[in-house]
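Participant: Residues per chain are reported as follows:
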Amino acid sequence: MSELAIEMRGIVKRFPGVVANDGIDFDLKRGEIHGLLGENGAGKTVLMSILYGLYFPDEGRIFLDGTAYTHYRPAQAIRLGIGMVHQHFMLVPRLTVAENIMLGQEPSRSGVFLDRDAAIRKIRAFSEQYGLPVDPNAHVEQLPVGEQQRVEIIKALYRGADTLILDEPTAVLTEQEVQHLGEALIRLKAEGKSTVLITHKLREAIGMCDRITVLRKGKVIGTVAAAETNDRELAEMMVGRDVVFTVQRSEATGEQAVVMTAHGLEATDDRGVEALKGVDLDLRQHEILGIAGVQGNGQEELAEVLTGLRSLTSGTVKIGEADLTGRDAHGFIQAGVSHIPADRHVRGLVMGFSVRENAILGRHREKRFSPTPFWQLQRAVTRFSREIVDAFGVQTPSVYTRVSNLSGGNQQRLIIGREVTKAPHIIIAAQPTRGLDVGGIEYVHEQLLAMRDQGAGILLISMDLDEILMMSDRIAVIYDGRIVAIKDPDETDRRELGELMLTGATLGENKKAADPS
Amino acid sequence: MRSVLRSLGRSHLVSETGITFLSIALAFGVGCIILWAGGFSIPAVFANLWKGAFGNRLALGQTLTKATPIVLTSLSFLLAFRCGLFNIGAEGQMYVGAIATATVGAYLRLPVVLHAIVALGAGALAGAAWGWIPGYLKAKRGANEFVTTMMLSYVAIGLTDYLVAPRGPLHDHAAWANQTAAVQATARFARILRPTQVSWAIIVAGIAVVIVWYFLFRTSSGYELRAVGQSPTAAEYGGVRTQRKMILALSLAGLLAGVAGAGEVLGTHFRFVDGFSPGYGWDGIAGGLIARAHPVGAIFAALLMGALRAGGMQVQRSGAAPGDIAAVLQGLVIFFIIAPTLVRSLVRWRKGKSR
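Those protein sequence lines, which keep their order, are chains A and B. 0 is the number of the first residue of the first sequence in numbering that gives the first Met the number 0; add one for each residue after it. 0 is the number of the first residue of the second sequence in numbering that gives the first Met the number 0; add one for each residue after it.
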């Protein structure tokens, strides 16, 4: 038995247009809790998916207990003792806990009859042994997320896992549940199990792990012992310090009247968990207000409440003097808010519609396209869609082409063309450059700056700190559903922003504020 | 199944027409095998099928008469389908429309033409109301419209059955049958292909095709409805009130089915007759699918099914085979229509071979 449970050497995984893993070396000791830390898109999940057999690596080898493999499938990974708990649980809601756990491994009596009692006994034993309380007879759909996660962990153990991969396990948990999870991981460790914990939360990594490996842009930045590192060092490893400017931003000029005021915004996410916990913001004319933050800190929900797509549980939104609290998306469109949504396939475009039909999505009620709800001016729609295609360089065979046949960059150009030609005075741009190549990114940046210079107030939400630093006139940092700081980009740097994004406070100088609880 | 049907709805008319015809051809091919295996004469069956459907003026009249309500129920299905909803209840909506039309036609006194229009309108509104209920339940309570429309269908059939039963309020005391009194002459649709039962109802169905097409593809309201069907989240982003659209879609679906019932009363039977429909509402589901959710396609789909119904009767009379063979063929057509990937792979396989 080798000391290393897992050893990954020179792992390379490419996806079209991006190298997700660029020669990664990673090892996991037996009986160790190893944190895998990095920003979104750093390649953590891809690396662990390779380990679990979901992806084949393009290059590199994996040593499991000393034996070399180039690739294998998940079924084989399970047989080799690897279990993975995904961010989105893979449970059948209608079945009971026991049924879910034994799915695919059903114990049987004389080969025919399901031996439910044997399974339940085994589950209870695991539950006891590792301090993972679950009720084998409860239906999964009725369980809180924390318990569902325990079910997933027991499922992996039931299948004989010696190595557990947990993908962002704490993202869905309450503070107390995180604590319980930490205790369970320590029990597992005592039993000789090894765990990989994927996370982007610094404190959890330090608090729960033995060693931490930091990834950035597909590469290993370093592996450190948790006891010998601190928040600051890890933050610096995660976000780096190099900033590459591709667009020259001029100083904002013109009037600076407030166009949008948000006060005390509170909202829950799709699971009903509190996502915004009292956001105050004001957006001015002639400015780009960047929202910096690590994904999952409430920025998706913020974009949605500011465009009427998600209802507030508390707080008010005003545009100019008009109170838009409680209005739906239609109301916000009428009030002159343009929205470049984070997910173009789900929100921004109707994928089954043509370019032409998508060019008027959200604008289809404008009088020039539709004098009455029962009369749509086809020529006006076609002409307008051609204008957008020409002016914004959307590469498409024709305006009648289905939009799903366009590349991501061209889809984004279409959305931007549609949204900025409204001459809006407010633009909510959520991750407007996600998934675009360098040319596309530059194009989007130029358009946004042009809109700002024409007087629009732009709220730019981005996970990319470089983008925020480059584009913003003011930077607001969102952490755990609150705006924790508003900074002038000329008076801050990546390190300070990184600390704010990752911990909700600047480290060192202000110990008290660093601990929000 | 929903995703399969959705992808169907998305398919483009022109490029998909060939696939549709191929599906029909395949269905007939498999039908031949079944006939052969059953020991029936294939030429005799098809000769009688043709004869019964298009062989002479009477046969053509039969086909058109049966196709008329199917056009409307197909439109009913496909309109809701375009909004991402399944209207399985056209049969019941048609019964409700028919009884409302029959009541207005028999008991109201109005001048000619106007009376027909009012009676037709009453049927349309009654159908729309019957469609509104599942629409409202879907939007406000999330009730699965697949189930509610189908169950309300049985309610409608039972309810109308009661109304015209011997002790029901609308029972025709002059006759032993479970039916309403006859519609007055002022409300009746003129027959246009004597001596067959083809009436102005077929013109009404034709107009409905044009209106539905115009609504779906030439109005912003129809645009919104289709957007909801394709992507509720993107529609919501575009400021569409998706729940209202769902209510509208099912109400309009009910309206179209109600018009189908009204046409049967005003053009074919001149009264509400219990059990008048041999399943036109259910045929609409198949019709909407064969039409690939396109209103113009509904005409051809309905003609195909009307012809199969009319031809099937002739096959039965001739003794060449049981008349149920028409139902078998219809089932096969639907099977091949909702297995487009299978048909497409056959096309690819053939292309590969010829190379």
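Please note that a few of the clues may not be correct.
Every beta carbon over 10 Å from chain A, so not counted as near; a handful from chain B, in silico [unchecked claim]:
1) 20
2) 58
3) 193
4) 233
5) 338
If you want a taste of the chain B side facing chain A, the calculated C-beta under 8 Å gives, among others [to be verified]:
6) 15
7) 219
8) 220
9) 226
10) 240
11) 242
Simulated from the structure, these hints should not be mistaken for laboratory data. Beta carbons are placed, not taken as given, at the ideal position from N, Cα and C, and that holds for glycine.
Participant: All the hints need checking, so say for each whether the structure fits it.
Facilitator: Now for the hints, and whether the structure bears them out:
1. Distance to chain A confirms residue 20 of chain B as a non-interface residue, since its nearest Cβ pair spans about 23 Å, more than 10 Å.
2. Taking the minimum C-beta to C-beta distance to chain A, about 40 Å, the non-interface status of residue 58 of chain B holds against the 10 Å cut.
3. Every CB of chain A lies more than 10 Å from the CB of residue 193 of chain B, the least distance being 37 Å, so the non-interface label holds.
4. With a minimum CB-CB distance of about 5 Å to chain A, residue 233 of chain B fails to clear the 10 Å threshold, and the non-interface call is violated.
5. With a closest Cβ-Cβ approach of about 20 Å to chain A, residue 338 of chain B is found to remain outside the 10 Å limit, as its non-interface label requires.
6. Given hint, residue 15 of chain B at the interface with chain A, is violated; its Cβ is 13 Å from that chain's nearest Cβ, farther than 8 Å.
7. A hinted interface residue such as residue 219 of chain B counts as satisfied when its beta carbon comes closer than 8 Å to some beta carbon of chain A; here the least separation is about 4 Å, so the hint holds.
8. For residue 220 of chain B, the interface hint holds, the least distance from its beta-carbon to any beta-carbon of chain A being 4 Å, beneath 8 Å.
9. Checking residue 226 of chain B against chain A by beta carbon gives a least distance of about 5 Å; that is within 8 Å, so the hint holds.
10. Of the supplied interface hints, the one on residue 240 of chain B holds, with its beta-carbon coming within about 7 Å of a beta-carbon of chain A, less than 8 Å.
11. Nearest Cβ of chain A to the Cβ of residue 242 of chain B: about 10 Å, over the 8 Å cut. The hint is violated.
Of the numbered hints listed earlier, those contradicted by the structure are 4, 6 and 11.
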